[in-house]
Amino acid sequence: MSGRIVWLASYPKSGNTWLRAVYTALRVGQRLDINNLDGGNIASSRELFDGLLGMRSSDLTPDEAEALRPRVDELAAASSADDFWRKVHDGLYPGTAGELIVSVEVTRIALYLIRDPRDVALSLAHHFGLPAPAAVEMMGCAQMAINESSRSLLTHLRQRLGSWSQHVRSWTDQCAFPVHVVRYEDCASDPIPTFREAFRQAGLDVAARVLEDAVEASAIARLRGQEQREGFKEYTVPGRAFFGRGTPGSWKKELPTALARRIEHDHGEVMARYGYL
Amino acid sequence: MAQSAPLVTSSGERARRAERTTEEGPLWCRGRVPDWLPGILYRSPLFQVNRDSALFRLPTVGSFLVRPGEATVVDVADGATNDDVECLLRGPVGALRSSLAGEFALRGSAIDLGGRALVACGIASGTSSLVAALALRGHRVLADGVVVISGRSLGVSTIPEGRDCKVTLWPDSVEALGLDPAKGVSIRPSLVSRSFSLGLPPNPAPVLLGALVALEVSVTPQASGAIAPQPMPVGRKMKVVLEAQWHPKLVLAFGSQLEHFEWLARLAQAPGFDLRYAPGPASLTLPSLIEQAEGFLR
Numbered sequence: 000m001s002g003r004i005v006w007l008a009s010y011p012k013s014g015n016t017w018l019r020a021v022y023t024a025l026r027v028g029q030r031l032d033i034n035n036l037d038g039g040n041i042a043s044s045r046e047l048f049d050g051l052l053g054m055r056s057s058d059l060t061p062d063e064a065e066a067l068r069p070r071v072d073e074l075a076a077a078s079s080a081d082d083f084w085r086k087v088h089d090g091l092y093p094g095t096a097g098e099l100i101v102s103v104e105v106t107r108i109a110l111y112l113i114r115d116p117r118d119v120a121l122s123l124a125h126h127f128g129l130p131a132p133a134a135v136e137m138m139g140c141a142q143m144a145i146n147e148s149s150r151s152l153l154t155h156l157r158q159r160l161g162s163w164s165q166h167v168r169s170w171t172d173q174c175a176f177p178v179h180v181v182r183y184e185d186c187a188s189d190p191i192p193t194f195r196e197a198f199r200q201a202g203l204d205v206a207a208r209v210l211e212d213a214v215e216a217s218a219i220a221r222l223r224g225q226e227q228r229e230g231f232k233e234y235t236v237p238g239r240a241f242f243g244r245g246t247p248g249s250w251k252k253e254l255p256t257a258l259a260r261r262i263e264h265d266h267g268e269v270m271a272r273y274g275y276l
Numbered sequence: 000m001a002q003s004a005p006l007v008t009s010s011g012e013r014a015r016r017a018e019r020t021t022e023e024g025p026l027w028c029r030g031r032v033p034d035w036l037p038g039i040l041y042r043s044p045l046f047q048v049n050r051d052s053a054l055f056r057l058p059t060v061g062s063f064l065v066r067p068g069e070a071t072v073v074d075v076a077d078g079a080t081n082d083d084v085e086c087l088l089r090g091p092v093g094a095l096r097s098s099l100a101g102e103f104a105l106r107g108s109a110i111d112l113g114g115r116a117l118v119a120c121g122i123a124s125g126t127s128s129l130v131a132a133l134a135l136r137g138h139r140v141l142a143d144g145v146v147v148i149s150g151r152s153l154g155v156s157t158i159p160e161g162r163d164c165k166v167t168l169w170p171d172s173v174e175a176l177g178l179d180p181a182k183g184v185s186i187r188p189s190l191v192s193r194s195f196s197l198g199l200p201p202n203p204a205p206v207l208l209g210a211l212v213a214l215e216v217s218v219t220p221q222a223s224g225a226i227a228p229q230p231m232p233v234g235r236k237m238k239v240v241l242e243a244q245w246h247p248k249l250v251l252a253f254g255s256q257l258e259h260f261e262w263l264a265r266l267a268q269a270p271g272f273d274l275r276y277a278p279g280p281a282s283l284t285l286p287s288l289i290e291q292a293e294g295f296l297r
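Top line first, the protein sequences correspond to chains Y and F.
Numbering follows numbering that gives the first Met the number 0, in which position 184 of the first sequence is assigned residue number 183; successive positions increment by one, without gaps.
Numbering follows numbering that gives the first Met the number 0, in which position 242 of the second sequence is assigned residue number 241; successive positions increment by one, without gaps.
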C-alpha cells in the first residue's frame, strides 16, 4: 500500500512556502528551518525526476520530460508508506500525450492557494526583477512557462503556468481529484480556522492551540529574518530576498492604478469568483 | 573507433550508419525489439530487466534491447535520429548495460588528475562544467554522464558507449569557458546542449579513484566565487553516492546486495569533499575553484 500525494498547488508568489512553513512548524515548532521545509520536493524537481526514473532529464526535451512526470509521482508515492505533501507551481494542463501533469492515480487532494492577483503582480515583479508592467503581462500570457531556458541547465524542469486565470481554473474547475481552495488573505486575517480547515481537508486534524504555536513560529517576519542570516536554498537570485512583507492589499499603495485596472480586466471573472472584486 | 561510410536517409539528413563500432564490435544496430521480457525481475516506467537482458523504451526515440556481450538492438521510433539513439545509449541504456554486467555507476563526471580520478556528482550543479574547465588545463576526461567505479579496485571508467569521452555543455557554460560553439557536436537535434572533445585524448583504461566531490550552489548571502571545500563525513558521502547511483533498485533485483555493500564500504574510505559555489557557470571557471579541485588530489 503506497502513500498518496497532497499537492500544495499555486501560481507563484501566492503563499505556497508560507503554508509549507506552517505545516512544518506543526512538527518542529520554533526549530523551524526554512531550508528544510516539508513538501519541498517540488513536482518539477530535476533531481527527484532523475533519481526516481533512472533517466537524465537533461537528455530529454521539455515535452518528453513532462510526459514522464506522472510516472515520477507514482514512483515517489510507491516509496512512501504514508501520504506526503508536495509543492507544485505548474498549471494543471495535459501534456502532449493527453495526460495531466500530475498523476491522478496517486493524488489524494490538492490544496490550491490563491492570492489577489494585484498583490501577486507586485511580488512577481520583485521576485523576477521585472518592471511591474512586465509582471502584469506575464500573468496575462497564455503561453507563460518558467524554468524553460535555452542557455542553462536549470535545477527545475519546465513549469507551464499559462495566464493567472487559466492557472486558477485548471486546478479549481477540474474533476479528476478533490481540490480545496485556500485564500492567502484568509490565512493572514484568520489563520487558525483557515489553516485548520486546509489541514483537515488533507487528512490532518490539528488542535487550535498547536496551530497557534505553528503559526507564530512561521510568521513572515521570522522567515524573512532567517533568510537574511542564512539564505534560502529554494531561491538563488543573487541580491534579492524571497520573503517580502506579505501584507495583503499592498497593491492599493504600490501598484499603479492603470496596472490594477489591467489585471481586473484580464482576470475579472476569476477574481470575482474568489472575492477579489 | 571505426565508422562506416555515411548514409543519406530518406529525409535527406546525412547520418552515420547505425552500427557505430569500437574495437570490440558494433555498439548498436537496428532491429525488432519485443514488448516484454520473460522472467522480469524489475520493471519501471522506462525499463524492464531480467537475469540477462534489459529493455528500455522512450516512445519518442525507440526501444532498446540490451544483452551483455552483444550490440544493443534498437527499434527506432519514426522521426528519431541516430543522435537521439546514441544520446540514450550514452546515458540510461549504457548504465543499464553496466548494471547487467554487475557494475555500479554514478551519475556524474570524472577526470584524470595526474593518475587519479576526481569524480564530481550533482544534478544540474555544474559537474560537466567543472570537468570541462579541468580538461582545458590539460587533464583527461574519463566520463561524463555514466561513471563506472569498479567494486574491487575502485577503478573509474566509463561505459563503452561513452568512450569518446566528450563533455556535454549548455550555452552558458560554453560561453563561460571561452569555447567556440561551432566546435560542439549536437547531442540530439531537439536539444541546445552540445558535446565537446576537450583535454587529452581518451584512454579506456580505468584510473584509480582519488576523491569524490559533491557540487552545490551556495545560498548563503555572502557567497561569492568558490567557498572553501569541506571534507565530507562518511554519512554524507554515502548519501551523495546513493543519490547519484544509476538504477539503485537493480541491486535488489539482481541480488547483488553483498557486492553493493562492499562497494559502498570501499567508497566510504575514499576522500570526499563538498564544494559550494556562488550561482552562475562563471563561478565554476574561477581559477580559485579549479585550483581547489586540483588540490583535492595533491
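Be aware that one or more of the hints could be misleading.
What the hints assert, rightly or not - Label pairs and their calculated CB-CB ranges: (1) Y:28 to F:100: 48 to 56 angstroms; (2) F:30 to Y:34: 47 to 55 angstroms; (3) F:76 to Y:147: 42 to 50 angstroms; (4) Y:240 to F:68: 34 to 42 angstroms; (5) Y:136 to F:136: 29 to 37 angstroms; (6) F:136 to Y:177: 39 to 47 angstroms; (7) Y:34 to F:267: 39 to 47 angstroms; (8) Y:34 to F:68: 23 to 31 angstroms.
To be verified - Short, incomplete list of chain F residues facing chain Y, as computed with Cβ under 7 angstroms: (9) 44; (10) 122; (11) 171; (12) 196; (13) 201.
Because the hints were derived from the structure by calculation, they are not lab data.
Built from N, CA and C at the ideal position, the CB exists for glycine as well.
Status of each hint after checking the structure:
1. Against the hinted window of 48 to 56 angstroms, the Cβ-Cβ separation of residue 28 of chain Y and residue 100 of chain F comes to about 50 angstroms, which satisfies the hint.
2. Remark: the range hint 47 to 55 angstroms for residue 30 of chain F to residue 34 of chain Y is upheld by a beta-carbon distance near 50 angstroms.
3. For the pair residue 76 of chain F and residue 147 of chain Y, the beta carbons lie near 24 angstroms from each other, so the given range of 42 to 50 angstroms is not met.
4. Between residue 240 of chain Y and residue 68 of chain F the CB atoms are about 57 angstroms apart, so this pair departs from the stated range of 34 to 42 angstroms.
5. Between residue 136 of chain Y and residue 136 of chain F the C-beta distance comes to about 45 angstroms, which lies outside the given range of 29 to 37 angstroms.
6. Here the CB-CB span from residue 136 of chain F to residue 177 of chain Y is close to 57 angstroms, at odds with the stated 39 to 47 angstroms.
7. For the hinted restraint 39 to 47 angstroms between residue 34 of chain Y and residue 267 of chain F, the CB-CB distance of approximately 26 angstroms leaves it violated.
8. Roughly 48 angstroms separates the CB atoms of residue 34 of chain Y and residue 68 of chain F, a value that falls outside the hinted 23 to 31 angstroms.
9. Using the Cβ-Cβ criterion of 7 angstroms, the hint placing residue 44 of chain F at the interface with chain Y is satisfied: the shortest such distance is roughly 4 angstroms.
10. Taken as an interface hint, residue 122 of chain F checks out: its beta carbon lies about 5 angstroms from the nearest beta carbon of chain Y, inside 7 angstroms.
11. Taking 7 angstroms as the C-beta contact cut-off toward chain Y, the hint placing residue 171 of chain F at the interface holds, the least distance being around 5 angstroms.
12. Residue-level restraint check for residue 196 of chain F is violated (minimum Cβ-Cβ distance to chain Y is 19 angstroms; threshold 7 angstroms).
13. Here the hint on residue 201 of chain F is broken, as its CB sits about 20 angstroms from the closest CB of chain Y, past 7 angstroms.
The structure fails hints 3, 4, 5, 6, 7, 8, 12 and 13 (numbered hints given earlier, in ascending order).
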